[in-house]
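Asker: Protein sequence lines correspond, in order, to chains E and R.
Under the numbering used here, the first residue of the first sequence is numbered 2, with each subsequent residue one higher.
Under the numbering used here, the first residue of the second sequence is numbered 33, with each subsequent residue one higher.
Keep in mind that the hints are not guaranteed to be accurate.
As the list claims (entries may be wrong) - Cβ-Cβ distance ranges computed for the label pairs, FRET-style: (1) E:ASP36 <-> R:ASP78: 51 to 57 Å; (2) E:PRO67 <-> R:ALA114: 34 to 40 Å; (3) E:SER7 <-> R:ALA114: 36 to 42 Å; (4) E:THR140 <-> R:ILE186: 41 to 47 Å; (5) E:ASP36 <-> R:HIS81: 53 to 59 Å; (6) R:SER183 <-> E:TYR162: 36 to 42 Å; (7) R:ASP51 <-> E:ASN122: 53 to 59 Å; (8) E:PHE66 <-> R:ARG103: 45 to 51 Å; (9) R:ALA200 <-> E:ASP192: 28 to 34 Å; (10) R:SER183 <-> E:ASN165: 50 to 56 Å; (11) R:ASP78 <-> E:LYS187: 29 to 35 Å; (12) E:PHE66 <-> R:LYS201: 31 to 37 Å; (13) R:THR190 <-> E:LEU4: 47 to 53 Å.
What the hints assert, rightly or not - Below, in silico cross-link-like pairs of lysine-lysine (DSS-like), each with a Cα-Cα straight-line distance of 30 Å or less: (14) E:LYS136 <-> E:LYS228; (15) E:LYS128 <-> E:LYS84; (16) E:LYS182 <-> R:LYS205; (17) R:LYS205 <-> E:LYS187.
Keep in mind the hints are simulated off the structure, nothing from the lab.
Don't be surprised by glycine CBs; every beta carbon is placed ideally from N, CA and C.
Here's the letter readout for the chains.
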Amino acid sequence: MILITSDLKLADAIHSNYLLIPVVTRFGIRFGFGDKTVQTVCREHGVDVEFFTTILNVFSHENYFPQERLLRFDVMQLVSYLKKTHSYYRTVLIPMLEKNMEAFVQSASKPDEREILLIKNFFEQYKRDLMAHLKREETITFPYITELVKKENTALLHKKYSINIFESEHENVDEKLYDLKNILIKYLQGDYDEGARNTLIFNIFRLEKDLKDHTRIEDKILTPIVKQMERARFGSNA
Amino acid sequence: MRASEAMLSKQNIAIISGDFLSGYGLKALFCEYFTPATVDVFATVDGYHDGKNSYHLLILPAADYLVHLNRLTVKNKIVTIAAAPLQAAQSQPPHLYTLCGEQEMVEQLQNILANFDALQGGDAKNELSERECEVLAKVAQGAINKEIADSLNISLNTVITHRKNITAKLGIKTISGLTVYAILNGIISGSDLPKS
Chain E
2 MILITSDLKL
12 ADAIHSNYLL
22 IPVVTRFGIR
32 FGFGDKTVQT
42 VCREHGVDVE
52 FFTTILNVFS
62 HENYFPQERL
72 LRFDVMQLVS
82 YLKKTHSYYR
92 TVLIPMLEKN
102 MEAFVQSASK
112 PDEREILLIK
122 NFFEQYKRDL
132 MAHLKREETI
142 TFPYITELVK
152 KENTALLHKK
162 YSINIFESEH
172 ENVDEKLYDL
182 KNILIKYLQG
192 DYDEGARNTL
202 IFNIFRLEKD
212 LKDHTRIEDK
222 ILTPIVKQME
232 RARFGSNA
Chain R
33 MRASEAMLSK
43 QNIAIISGDF
53 LSGYGLKALF
63 CEYFTPATVD
73 VFATVDGYHD
83 GKNSYHLLIL
93 PAADYLVHLN
103 RLTVKNKIVT
113 IAAAPLQAAQ
123 SQPPHLYTLC
133 GEQEMVEQLQ
143 NILANFDALQ
153 GGDAKNELSE
163 RECEVLAKVA
173 QGAINKEIAD
183 SLNISLNTVI
193 THRKNITAKL
203 GIKTISGLTV
213 YAILNGIISG
223 SDLPKS
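Chain R with its partners taken away, still in its complex shape (with noise of 0.2 Å):
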């Protein structure tokens, strides 16, 4: 647990519960285990807002996410309770369930913790590099991998790792897919397009 203690002593964590008893428990158990820098609980939304809401981390009822969401400051991580495990959709933010022993609870904390640069305040980041917008012009204006590689100076591996990287980024497939994309985003213009 050091790796954690150590970065954890930076963070400032805010639990937002109106079951008075889960929220201190919370506190507890990040206090005892985690030595977190501040730890503050809020019975309501409202007076987290009230607050000075410069938290690292916020912890809060999957109900309340659900119904703040768009009030809620992106830069946060985001993690709620239920008390039993949701089922996972891609979207959530990661979730804690009370449902289950100190040990296990301990685990959960743990598991939040090791994997907070990983979390999610909403808006994931899967804007394209500087470096996959070209490749994508290039593929948008009808170029085989090798031609964009002789064009880019760059290696055949590195074209065809781009150009997965841009399909898991974009939810984009074909090509004449990714060339929509490229136009409606003004990474190629029309008339870049070579006649068919």
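Pulled out of the complex, with its shape left as it was, chain E reads as follows (with noise of 0.2 Å):
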């Protein structure tokens, strides 16, 4: 996958990594862009484009990770496009999984059986995880962090909430759709639609690589910048 520029063609960045297509539509940007840079098609939509860039890189590269530069964002812009991606597992992908997983199950010769209520079952308790994850960020994290930027004392920053809180409950979510995946994968037997039983597992695969970017883009952008500002406020011992 090439590293994606502010002079590259943005349907040439689409074109190597299809992934990136819903990451370009959370920053506003609608297609039909023809053969308009990265540039260009930002500056049109109010983008930065260096966070636009950074952000696909981070998406297309595991391992990219240029620290200095990300630590000079913008922390609010960061929030409202984690926002932006909480939204979009809400409203598109979860939702779309849930099609699939009803699918799946009607498909089955007795959708009823055991074993496919508890695939159905275990989906649920992990959609609930998700998003009771997504809801304390955005009631607890993302507001503690507005309250640093607007130097504000009040109450999260009395609670003593710090950003180290919200790393490590990080792990728990993935391992859930990790699970999932390999029951349906290893273990699942019985008669039901194997079409219908691949689009699952297939969109089960997009979600995990989402939010598997979208938890990199938290842990290694996010907090670092956070944990800057927490020591500019609190001092070392923060």
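Assembly of the complex is requested from the two constituent chains, each provided in isolation within its own frame, with the hints serving as guidance.
Answerer: Here you go:
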């Protein structure tokens, strides 16, 4: 996969990695941009081109991590992007997986069979966990960051929340999705439509990949920036 | 090379190679450096199947391996040949690459033979042991490590080791995932579950 620069044609960036499609959309950029470069499209949509290319590269390259540049980003811009990603999970990816799961369950010769219900329950559990996780970030982490930025002395700062707590909460949600995938691939036997099962597994992979990159942005970009702010605010023992 | 020689003296090796020189060359190298019991060279996979088929090690071109995957008997340890080093994928058999000098080639053969026992014919053995099944059943029923240790009369550390191995073998990390697995495989019945 190529490194995405501001003078590259946006269409070429997407051809090199189609998983960037929803990421581009999250920035409010609409398709039909012809042969325009990344820079031109960003200017027309009022998007910060440096931020845009960095996010795209983080999605495309697992080890891409230009620390100095990342620490210069406006943290509210990052929070706004993360919120849009959350909304994409809520309104697009999760509803799609729900439909895929339902189609899979209905395709079984006995849709009320225990095995099928087990899988469905496990998915429901995962969904609840993910939603709760997103909500916690939106009601605690993001407001905490906003307070830090505004230098306000409000409730969350008093409760001694810190970005370290946020960091430690990340793992468990990914693990359930990994398990669900393996159960569907390796262990579930039975009579159901292969196409429905494939679509379901395929889209779980998509969600997993998107979540992984999302988490990487939170852990590798957001967390270091916020830690820097915490140090500035509370001194080195924060 | 002593160990390999001793081990190899009991081994029968089959080489499938449409390229006569490669097949013959490999055979010559095996005989010169490792003294195996027999080395037979076949031009095609069909020719191999007509033979006596009691080989311990089967070497064949990567392309043939993919095409004839289902027909190759699992009891054979399989090694594929390609011109250049392949990117290692987990489920693929080990391979030899031929674009190299004599010394490197011999080292490759040596490696294959040294890891002979580790070579998999296709089905990895990831089944749980009886003890692991017992531990899994307890985990799925919601027991914590201390309770499992007490009820099975083993140490806490042993429980932790079992749990690590279970997760590594199954590829399932969470308790709820393990519970689903345990029910799907009849290790516990749904009625064993704690009421939640």
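Asker: Each of the hints needs a verdict: does it hold here or not?
Answerer: For each hint, the structure was consulted:
1. E:ASP36 <-> R:ASP78: 51 to 57 Å: Between ASP36 (chain E) and ASP78 (chain R), where Cβ atoms are some 54 Å apart, the hint holds.
2. E:PRO67 <-> R:ALA114: 34 to 40 Å: holds, 37 Å
3. E:SER7 <-> R:ALA114: 36 to 42 Å: Given about 41 Å between the Cβ atoms, the range holds.
4. E:THR140 <-> R:ILE186: 41 to 47 Å: Given range 41 to 47 Å: holds, Cβ gap about 43 Å.
5. E:ASP36 <-> R:HIS81: 53 to 59 Å: holds, 56 Å
6. R:SER183 <-> E:TYR162: 36 to 42 Å: The hinted range 36 to 42 Å holds for SER183 (chain R) and TYR162 (chain E), with Cβ atoms some 40 Å apart.
7. R:ASP51 <-> E:ASN122: 53 to 59 Å: Roughly 55 Å apart at Cβ, these two residues keep to the hinted range, so it holds.
8. E:PHE66 <-> R:ARG103: 45 to 51 Å: The hint (45 to 51 Å, Cβ to Cβ) holds, given that PHE66 (chain E) and ARG103 (chain R) are roughly 47 Å apart.
9. R:ALA200 <-> E:ASP192: 28 to 34 Å: holds, 31 Å
10. R:SER183 <-> E:ASN165: 50 to 56 Å: Because 37 Å falls outside the window, the suggested range is violated.
11. R:ASP78 <-> E:LYS187: 29 to 35 Å: holds, 33 Å
12. E:PHE66 <-> R:LYS201: 31 to 37 Å: holds, 33 Å
13. R:THR190 <-> E:LEU4: 47 to 53 Å: holds, 49 Å
14. E:LYS136 <-> E:LYS228: holds, 21 Å
15. E:LYS128 <-> E:LYS84: Holds, at roughly 18 Å.
16. E:LYS182 <-> R:LYS205: Cα-Cα ~11 Å, so holds.
17. R:LYS205 <-> E:LYS187: holds, 14 Å
When held up to the earlier numbered hints, the structure conflicts with hint 10 and nothing else.
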